[in-house]
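Protein chains: 2
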Amino acid sequence: MMIPLSLSVNIPTTNKPRLVVIGGGFAGMHLIKSLKQAELQIVLIDKNNYHTFQPLLYQVATAGLEPDSIAFPLRKIFKHQKNLFFRMAEVIKIDPAQKTVETSIGKIPYDYLVLAMGSKTNYLGMEDVKKYAMSMKSLTEALDLRSLMLQNFEAAILATDLKERQSLMTFVVVGGGPTGVEMAGALGELKNHILPADYPELDLDKMQIHIIDAAQRLLPTMSQEASKGAMNFLQKFDVNIWLNTKVALYDGFTLTLDGGKQIPTRSVIWAAGVMGAAIAGLNPEVLDKNNRIHVDEYSRVQGYEDIFAIGDVAAMQTKDHPHGFPMLAPVAIQQGTNLARNLQHLLNNESLNPFHFHYLGVMATVGRNQAVVDLPFVKFQGILGWFIWVFVHLMTLVGFRNRVVTFVNWVFSYLSYDKGIRLIVRPFPPRT
Amino acid sequence: MMIPLSLSVNIPTTNKPRLVVIGGGFAGMHLIKSLKQAELQIVLIDKNNYHTFQPLLYQVATAGLEPDSIAFPLRKIFKHQKNLFFRMAEVIKIDPAQKTVETSIGKIPYDYLVLAMGSKTNYLGMEDVKKYAMSMKSLTEALDLRSLMLQNFEAAILATDLKERQSLMTFVVVGGGPTGVEMAGALGELKNHILPADYPELDLDKMQIHIIDAAQRLLPTMSQEASKGAMNFLQKFDVNIWLNTKVALYDGFTLTLDGGKQIPTRSVIWAAGVMGAAIAGLNPEVLDKNNRIHVDEYSRVQGYEDIFAIGDVAAMQTKDHPHGFPMLAPVAIQQGTNLARNLQHLLNNESLNPFHFHYLGVMATVGRNQAVVDLPFVKFQGILGWFIWVFVHLMTLVGFRNRVVTFVNWVFSYLSYDKGIRLIVRPFPPRT
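Protein chains in written order, with my numbering: chain A, 1 to 432; chain B, 1001 to 1432.
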């Protein structure tokens, strides 16, 4: 197929079919890596020039790691992959009739299209929360949260009104999944080990940390033992746990809960849900109520022969998993590699293999020596779980340098009860 | 002295005299550290919550280090110093008659005032350069420069017009002092070792690096041997060196030199000069033509009994140094510690010691294995100088964790001919 240069944002013409992949997260990255030998011209589009290791974003937000530890340049990941062309661009919409993707840098035609845009924060329709709460789905959001947290402590020192000071020292995490629990635990570590030395003028006992969830237990997708362990660990840090509780509204100063209870706070961290980051141009009927894209067990989008979706944005139901799959990195990685194999089969006119998920376990950490781990046949809470958590996260980071820098930072934090990176590099602007 | 609370931005009242220090750079930091036992209430004001190790800013700009390697939280530096109160604020002006400092968070009265604001970029009155060129005096400026450089390469790939592509791949460093030379060397390393693998679609031989200086040699404040060494090393990287040359104007697209020669470029890095960052409120007669503050050999500002200036912002002439001192970290550090001793003498009604400078040497690196070092009695060029440069910079970084993280990054860069941090975390907005 020959593509006119004017339409191709300067991608060389070729006789090979072109695969366009939108998104360089776990799903897209593993798909492309597995297609290194494929007779395809692969074009990866991402709005960032890096892959983000999302499970550790909360450590960037809480001054434990810098962006370079958990982000890896996409061009570096694929530097030996000759069939890959990276374009940093925002996708505006796709046009299945014309077989093109419309982007901020121009139209990109495709023969095959893989949607791997991941997920975005779901504010459950609450505009006030969207406006005033902090989210943690990207590096810049995590850096903003770090700045805001430190700015609020600088402001607390200046506050002569004790109620204002208290609201600056109150942090509410909404959402009791792994992200929320890890964030609350990291805040607990800051309160107990780090901030008292930085702010001798403040009484850090007055720092309040709350975690709120609508379910009747924390970590509702994990085992009962994990929920209980996480609850115990958070209570050691004096974290206030609100179960069976929903948020009603937040105006930037006061968080109101469903029952009417009010918590004055300047920092609400929203980790209560994510939704698919589907884009315009698809038949709306393929979207489920959570904005994810219905796909069959071969990752094919319903009603399209040449469009696939993998990872968080894909809503796949199989015979083994009639209720679908959770939005987790292992699902994304395995769907990426399975689709890579199937694309090869497609090119060779061979039959496709349905997706089978190999469950590897779920885990969450709640500060030093404290983690909860559900593996397929065994569960851990406490220090052994924590060592497993540390090992798995170090090993799944992309790049040897990233692993070593992260390891060095973690060893220092562990030995010194400190987190080194309490920098307000870009102040977070006041919201009005 | 009792200070009314409303005037004191919440600093506790005390009977001890209050010393207000503006700026937590090398001068202010070393002054305060040396006053740990002093019977003073010390208030440090800085617009950032961290100390910046400015000599390595160019490595943040060229994707070699992250901010946490060269910045250190001020609260952490002083966490065991009970007589120190830190306030993150912008200084608006000082009022010597009322003995107060007016800041973004309120008025702060002082008994003694130390001005240690350092220096800022001197655009030599060229408004167009100020608008369109990149500077490198702060962490955020260094991060902006990193983003712009990488964004320009992403844009170069898309450029179908070859002249536009060339201007996106052309980098001009104005200023042949240590900062300019180190920046040009780091760009040379990127061109030769790193960018070709990232951008196989571009012909990196076409990347142009220029360095421009009005003097007749690079590193004019160093030895002839150092100038010659730096020139040789930069020429190995194909850096174009323009001596006896001044910039006439820059419109964001084309840099025009004094003789009329034009260089189409989207990236001009301005390292051609700095000036004192003096603030409003002083008698204008104490300022020299470079906006530095005239002080006597005890760091006292002319005409004031209770105001001192140290570091880059101070223009001190002594019998030994009738032409003053260069704007260098060792001068700032030594002036800080000398003033600390003199403030103690002042409190004890003892006589003051004039400042004597101990010259320690000057150095600059131009990429791996290549540095020029002028020590008091010996000069080095090449690999031995490079090891001295690496050792001195590692040892003068604040904080053991910073040293280890920097060391790890440097070892990786050295072994792999790579720089790991090619992240566009916050895109630099297009300037109009």
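There's no promise every hint is true.
[Claimed, not checked] Which chain A residues face chain B? A few, computed with CB under 7 Å, are given here:
| # | residue |
| --- | --- |
| 1 | Tyr50 |
| 2 | Asn283 |
| 3 | Leu287 |
[As the list claims (entries may be wrong)] Under 7 Å between C-beta atoms, here's a sample of chain A residues computed to sit facing chain B:
| # | residue |
| --- | --- |
| 4 | Pro73 |
| 5 | Ile77 |
| 6 | Glu102 |
| 7 | Asp144 |
| 8 | Leu202 |
| 9 | Val408 |
| 10 | Leu423 |
The set of hints was computed from the structure by calculation and includes no laboratory data. As the structure is a computational prediction, the values presented were derived from the model and not from experiment. Heads up, the beta-carbon is just placed ideally off N, CA and C, and yes, glycines get one too.
Okay, the hints, checked on the actual structure:
no.	hint	in the structure
1	Tyr50	holds, 5 Å
2	Asn283	violated, 31 Å
3	Leu287	violated, 30 Å
4	Pro73	holds, 4 Å
5	Ile77	violated, 11 Å
6	Glu102	violated, 15 Å
7	Asp144	violated, 10 Å
8	Leu202	violated, 11 Å
9	Val408	holds, 6 Å
10	Leu423	holds, 5 Å
Hints 2, 3, 5, 6, 7, 8 from the list above are not met by this structure, while the remaining hints are.
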